[in-house]
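Taken in order, these protein sequences are the chains called A and B.
Each residue of the first sequence is one higher than the one before, counting from 1 in the working numbering.
Each residue of the second sequence is one higher than the one before, counting from 1 in the working numbering.
Quick caveat, the hints were computed from the structure, so don't treat them as lab data.
We put the beta carbon where it would ideally sit given N, CA and C, even for glycine.
Be careful, since some hints might not be right.
[Claimed, not checked] Here are the simulated lysine to any residue pairs, SDA-like style, with alpha carbons at most 20 angstroms apart:
(1) LYS12/B <-> PRO165/A
(2) LYS97/B <-> LEU79/B
(3) LYS12/B <-> GLY295/A
(4) LYS75/B <-> PRO234/A
(5) LYS37/B <-> GLU366/A
(6) LYS6/B <-> ASP438/A
(7) LYS75/B <-> SER161/A
(8) LYS134/A <-> TYR93/A
(9) LYS250/A <-> LYS204/A
(10) LYS313/A <-> ALA271/A
(11) LYS12/B <-> ASP162/A
(12) LYS70/B <-> PRO234/A
(13) LYS333/A <-> ARG76/B
(14) LYS75/B <-> GLN26/A
(15) LYS250/A <-> THR230/B
(16) LYS12/B <-> ALA35/A
(17) LYS204/A <-> GLU246/A
(18) LYS37/B <-> ASP369/A
(19) LYS75/B <-> ALA35/A
(20) LYS188/B <-> PRO165/A
(21) LYS250/A <-> LYS97/B
(22) LYS12/B <-> PHE446/A
[Said to hold, decoys possible] Derived coverage of chain A by chain B (criterion: at least 3 residues anywhere in the stretch with Cβ under 8 angstroms from a Cβ of chain B; other residues may be distant):
(23) 22 to 35
(24) 136 to 143
(25) 437 to 445
[What the hints assert, rightly or not] Distance ranges between label pairs, derived from CB positions:
(26) THR227/B <-> GLY264/A: 56 to 62 angstroms
(27) GLU71/B <-> PRO60/A: 35 to 41 angstroms
(28) GLN100/B <-> ASP263/A: 52 to 58 angstroms
(29) TYR291/A <-> GLY204/B: 32 to 38 angstroms
(30) THR230/B <-> PHE413/A: 45 to 51 angstroms
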Amino acid sequence: MLGQTYQFNSLKEILAKANEEKSGDQLAGIGAADARERIAAKFVLADLTLGEIRNDPLLPPEEDEVSRVIEENVDEAVYSGIRNWSVAELREYILSHKAGPGELERISSGMTSEMIAAVAKLMSNLDLITAASKLRTVTRCNTEIGQRGVLATRAQPNHPSDSIPGIVAALYEALSYGIGDAVIGINPVIDSAESVKAILSATKEVMDRWSIPTQNCVLAHVTTQMRAIEQGAPMDLLFQSLAGTEQGNKGFGVNIRLLDEADGLMRMKRASLGPNHWYFETGQGSELSSYAHFGIDQVTLESRCYGLARQYKPFLVNTVVGFIGPEYLYDSKQVIRAGLEDHFMGKLHGLPMGVDVCYTNHMQAEQNDMENLGVLLTSAGVNFLIGVAMADDCMLNYQSLSFHDLAALRETFGLHPAPAFEEWLVKMGIMADGRLTDAAGDPTLFMG
Amino acid sequence: MGDREKLESLMKSTPARIGVGRAGVRPLTHTMLQFRKDHAAAVDAVYGEVDESILRQLGLFTVETCYGNKETYLKRPDLGRIITDEGMEVIRERCVKQPQIQIVVSDGLSADAITANILDVYPALLDSLRVHDLNPGTSFYVKGGRVACMDHIGEVLQPDALVLLIGERPGLVTARSMSAYMCYKPRKGTIESDRNVISNIHPGGTPPLEAAAHIGTMLRGMLERQTSGTNFY
Chain A
1 MLGQTYQFNS LKEILAKANE EKSGDQLAGI GAADARERIA AKFVLADLTL
51 GEIRNDPLLP PEEDEVSRVI EENVDEAVYS GIRNWSVAEL REYILSHKAG
101 PGELERISSG MTSEMIAAVA KLMSNLDLIT AASKLRTVTR CNTEIGQRGV
151 LATRAQPNHP SDSIPGIVAA LYEALSYGIG DAVIGINPVI DSAESVKAIL
201 SATKEVMDRW SIPTQNCVLA HVTTQMRAIE QGAPMDLLFQ SLAGTEQGNK
251 GFGVNIRLLD EADGLMRMKR ASLGPNHWYF ETGQGSELSS YAHFGIDQVT
301 LESRCYGLAR QYKPFLVNTV VGFIGPEYLY DSKQVIRAGL EDHFMGKLHG
351 LPMGVDVCYT NHMQAEQNDM ENLGVLLTSA GVNFLIGVAM ADDCMLNYQS
401 LSFHDLAALR ETFGLHPAPA FEEWLVKMGI MADGRLTDAA GDPTLFMG
Chain B
1 MGDREKLESL MKSTPARIGV GRAGVRPLTH TMLQFRKDHA AAVDAVYGEV
51 DESILRQLGL FTVETCYGNK ETYLKRPDLG RIITDEGMEV IRERCVKQPQ
101 IQIVVSDGLS ADAITANILD VYPALLDSLR VHDLNPGTSF YVKGGRVACM
151 DHIGEVLQPD ALVLLIGERP GLVTARSMSA YMCYKPRKGT IESDRNVISN
201 IHPGGTPPLE AAAHIGTMLR GMLERQTSGT NFY
């Protein structure tokens, strides 16, 4: 091809080299050497069948529990109907007019995460948007999100020392812009049950005092949250970061047995109605950062996170796409690509996919790039986006989207907050006729 | 409480950018420009260089890691952990071997953090070592360093303990924050949990003089207990 002969020795190698350029794959030493080799790998991948991908496991189920979950969840009847499709045919089916939400949900149940990653590698950015926009995943905790026409939001009122008045002040600001219908979620500085309980109690008190139809969460380690809930903390959603390999999850201090145990505890003691009570975060590169990638590329590993996540029917899943740093995603082009890939792969797994559209200050990216990605994901039908006051997270030291940005995306695209939340905003005088009112943007509304 | 007082009491409770108002669904002009200004400072800190005259003033000579250029530095953290062969030769020639305490300074992810803080921290650290009866070896500056360059240096100079003063990844609140990483007998194969760190060193965070005093105490403790990291406490 192009005057050059390429030889690929394994499925792992084809999948890695077919990726769009990512600094993380280069750091792992598995990325394509140049643009021509990348395209050669894509041609080879296009002709592989789904059966060939399944029969050549990257990480054998006997050696990895994430692989086992993915394998066990394959619907064999559906799979037998598509096993002879090539990845090229799968792409064309997904994009075809005959594949509506129902058809896509059906083939999803017959696919492994590796197949979903494979097809993402053959899709352009607009392919990823077009395909994802067909898919909707509605989930319910206290309230329901994910409907067509809805753009939900996480309020992230973090504080550098977990000060309760500081967290509440930033939460008031968020609510006054109509932000917080997906979740009021705080990243704590101190990972202790007492601190988790204090923050959950404070956010619950605001929710109760103003009858706010949403859910709360504190993003501590799952074991810390379990201790907090045992101590009577009012917890609507349980959080955990996931990786795409058993070893990677070990780096996060979790395994499937622990997740199952936590799941059982939530069923008994959650403060929310359910049935969905999990909130997962993922992000390309986390396995490589903990030396748990087994030579597998970061797109495929990310897809495997979703294969694990769907086991628990979560209320929310989001990729924290630009947080990990330039050694995994170097610049805004790579972050934008990864955001669209992750959103598509999550949606095709049937997940309620959101994105933390974000960057750190040592990446080649700036706020305009995040605004661009926000627009792209909104057009792709993303379930929810994360909002921070003026996009500047003063605790995690990175930038996401602002409350203004989320309000602007809703207004520009004619989208709404979750129905129950919008009804509440109208009652509070913050929204009317689908727009913010003159009273909006004033956090002192909640001091009376 | 009037509306203005109410808003001010909220704003005082957090460094988050709240109470900023809006133009339709977009931020006000000065709020937006302030944000862009803070980001510009953060980016400049990453891509900047430490002022040579400061290094001369402190008598620090310079060696480089294998980072090559800024882009490679950001993409390949592994290269920032290895000193070049030429650099190692200079270190072998000029440095006291097996010192009690080896001090190393590096730009890391914020050259501005070094430029802004090192003139205060370095002399105070020498004082603090004297107070604790600790002898420093020959200090130097590493251009393009990552935290784990401590191990490569430790391997060659064999200090009892090493302290690395390095620029942190800049945030919008400050782009000039420095960290002090300390380790008892850093060598090849040392793991992250063997190190201790004092972070957020800048006039608005841990004040430089206080940090220097604290570093001295920590290093004394490491030598006495012959350990560091998670085992230290």
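>> Check the structure against each numbered hint from earlier and tell me which ones fail, lowest number first.
In response: The structure conflicts with hints 2, 3, 4, 7, 9, 12, 16, 17, 20, 21, 24 and 26, although it agrees with all the remaining ones.
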